[in-house]
Amino acid sequence: MRFAPRLTACIPALMLLTSAGLAHAESTLRIGLGSDPDMLDPATARTYYGRFVFSAMCERLVDVDQHLKIVPGLAKDWVYSDDGKTLTLHLREGVTFHDGEKFDAQSVKYNIERYLTLPGSLRKSELSSIESVEVTAPYTVVFHLKTADAALLMQLTDRAGTMMAPEATAKGNVAAHPVCSGPYEFVSRVQQDRIVLKRFENYWNKGAYHFDKVVFLPIPDASVRLANLRAGDLDITEGIAASDTATVKADSNLQLASTTGLGYMGLTINIANGTANTNTPLAKDARVRQALSLAIDRDALNQVVFQGQYTPANQAFSPASPYHADIPVPKRDIEKAKALLAAAGVKTPLTIDFLVANNPTSQQVAQVLQAMVSEAGINLNLQMTEYATLLDRQQRGEFKMSMSGWSGRPDPDGNIFSFLNTKGGLNDGKYSNPQVDQWLQEARLTSDVEKRKALYKQIVVQENLDDPLVYLYFEPRIFGMSKKVTGFVPYADGLIRLQGLALNK
Numbered sequence: 002m003r004f005a006p007r008l009t010a011c012i013p014a015l016m017l018l019t020s021a022g023l024a025h026a027e028s029t030l031r032i033g034l035g036s037d038p039d040m041l042d043p044a045t046a047r048t049y050y051g052r053f054v055f056s057a058m059c060e061r062l063v064d065v066d067q068h069l070k071i072v073p074g075l076a077k078d079w080v081y082s083d084d085g086k087t088l089t090l091h092l093r094e095g096v097t098f099h100d101g102e103k104f105d106a107q108s109v110k111y112n113i114e115r116y117l118t119l120p121g122s123l124r125k126s127e128l129s130s131i132e133s134v135e136v137t138a139p140y141t142v143v144f145h146l147k148t149a150d151a152a153l154l155m156q157l158t159d160r161a162g163t164m165m166a167p168e169a170t171a172k173g174n175v176a177a178h179p180v181c182s183g184p185y186e187f188v189s190r191v192q193q194d195r196i197v198l199k200r201f202e203n204y205w206n207k208g209a210y211h212f213d214k215v216v217f218l219p220i221p222d223a224s225v226r227l228a229n230l231r232a233g234d235l236d237i238t239e240g241i242a243a244s245d246t247a248t249v250k251a252d253s254n255l256q257l258a259s260t261t262g263l264g265y266m267g268l269t270i271n272i273a274n275g276t277a278n279t280n281t282p283l284a285k286d287a288r289v290r291q292a293l294s295l296a297i298d299r300d301a302l303n304q305v306v307f308q309g310q311y312t313p314a315n316q317a318f319s320p321a322s323p324y325h326a327d328i329p330v331p332k333r334d335i336e337k338a339k340a341l342l343a344a345a346g347v348k349t350p351l352t353i354d355f356l357v358a359n360n361p362t363s364q365q366v367a368q369v370l371q372a373m374v375s376e377a378g379i380n381l382n383l384q385m386t387e388y389a390t391l392l393d394r395q396q397r398g399e400f401k402m403s404m405s406g407w408s409g410r411p412d413p414d415g416n417i418f419s420f421l422n423t424k425g426g427l428n429d430g431k432y433s434n435p436q437v438d439q440w441l442q443e444a445r446l447t448s449d450v451e452k453r454k455a456l457y458k459q460i461v462v463q464e465n466l467d468d469p470l471v472y473l474y475f476e477p478r479i480f481g482m483s484k485k486v487t488g489f490v491p492y493a494d495g496l497i498r499l500q501g502l503a504l505n506k
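For what it's worth, this note's numbering labels the leading residue of the sequence shown as 2, then goes sequentially.
No wet-lab data here; the hints were simulated from the structure. The structure displayed is predicted, hence computed values, not measured ones. For every residue, glycine included, the Cβ atom is placed at its ideal position computed from N, Cα and C. Careful: at least some of the hints might be erroneous.
Unchecked claim - Quick list of in silico lysine-lysine cross-link-like pairs, BS3-like style, CA-CA up to 30 Å:
1) K103 <-> K285
2) K147 <-> K199
3) K452 <-> K147
4) K103 <-> K250
5) K424 <-> K125
Stated by the list, open to error - Label-pair restraints from in silico Cβ distances:
6) E102 <-> K332: 20 to 28 Å
7) G488 <-> S253: 40 to 48 Å
8) Q442 <-> D327: 17 to 25 Å
9) T447 <-> M385: 42 to 50 Å
10) G275 <-> E376: 28 to 36 Å
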């Protein structure tokens, strides 16, 4: 049964992008995204969709391969001290930023210190173990750490390790015109329409990249993205809906690629972010949040919306992660949910304002949840908004409950620390549990995998009692593309790597 109408491929022509509008040439790659990215500044960016653009436009100190192993990036090699409190990076020489500025150790020092000190930086908690950054040679930089940090190097494979041109960045116009050192440089952006990049002719490895131009096109409706792909107005798109995979497979002009993802979708509860939205039973009493969780049938949600292709969740670590805790996903129990609400002194129906991204899939999930929890005496008041706006409202505390996801990181710290630590940069609900903070810190301090697994399992157990974030499901990463596309390799982090990617004529 479907709870919301879906658009089909038979969409009016006016909804399709026109190739004339894109001035399409064979050397242009057109990529469909599920939403418009937020700020194109790695310090303050938080959307999954922005990471696609950063991946094409910028470089990180280190990267991951298809198997999620750390590989060289702008740092060609690295070494930790015996006590784990010093990380030395030896940098690649001969790299220039898009404006011609030279990349060197001073560039690294500038960027890391900016991430640590810029007001509003979301990278602070990811890099919080860094005490100071020292340049010891033109292409050697040393991170002096407060404590050993098993997660730090993996953090540097993402936005926290993204290098921007210091001179251009210091001018304060980063989000409007970012300057990096990657294979493609920024040309223009029209909000909610497109982001255009062009080939950077002085890129050190430009022979591995085959397009003159890359255009990112935000199209929130998965059905419309697919229609544009089938019409030849996109070359590749992320986020193919589970219900559309058969359509892609049946189309002789298209191909499908997928991989087990690291990301999840969940409900973020505003517990203590401001005062306007936290004087509620949902914020004040964990029993109410537990009741909400127990009123959800995650298996049915998966079947109704995703045809059983997703995986019900109760934690931040996907089954693809070695840190996935073997803890049963809560089964729906309406009577227990009602009892918990009664024990908390809640008069039903309890109305909860529910912030949801305005795309058809999120709307359908929200409507299914709305129907489910109503049976326990919980009324969800849906508030639809654009995804970047949703995240901004979360950060400001302008919400009571919000549905948002995380694309996932290879190291477990990247999936949980910033969300559950009291000072975490992505802890929008301002959850605070000193015991959880302690376990999170201990997991950063040790590189012993079994010790980390045990600590993260304790965190998962406690999080399921406190329920500041009610996990719903883990998402596979499903890509659709033209049969002309060659060289595509799916990564579990969900990003599209352009190296080696080409279009046959």
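A quick look at each hint next to the structure:
no. : hint                      : in the structure
1   : K103 <-> K285             : violated (52 Å)
2   : K147 <-> K199             : violated (41 Å)
3   : K452 <-> K147             : holds (21 Å)
4   : K103 <-> K250             : violated (46 Å)
5   : K424 <-> K125             : holds (9 Å)
6   : E102 <-> K332: 20 to 28 Å : violated (57 Å)
7   : G488 <-> S253: 40 to 48 Å : violated (20 Å)
8   : Q442 <-> D327: 17 to 25 Å : holds (24 Å)
9   : T447 <-> M385: 42 to 50 Å : holds (43 Å)
10  : G275 <-> E376: 28 to 36 Å : holds (31 Å)
The structure fails to meet hints 1, 2, 4, 6 and 7 from the earlier list, while all remaining hints are met.
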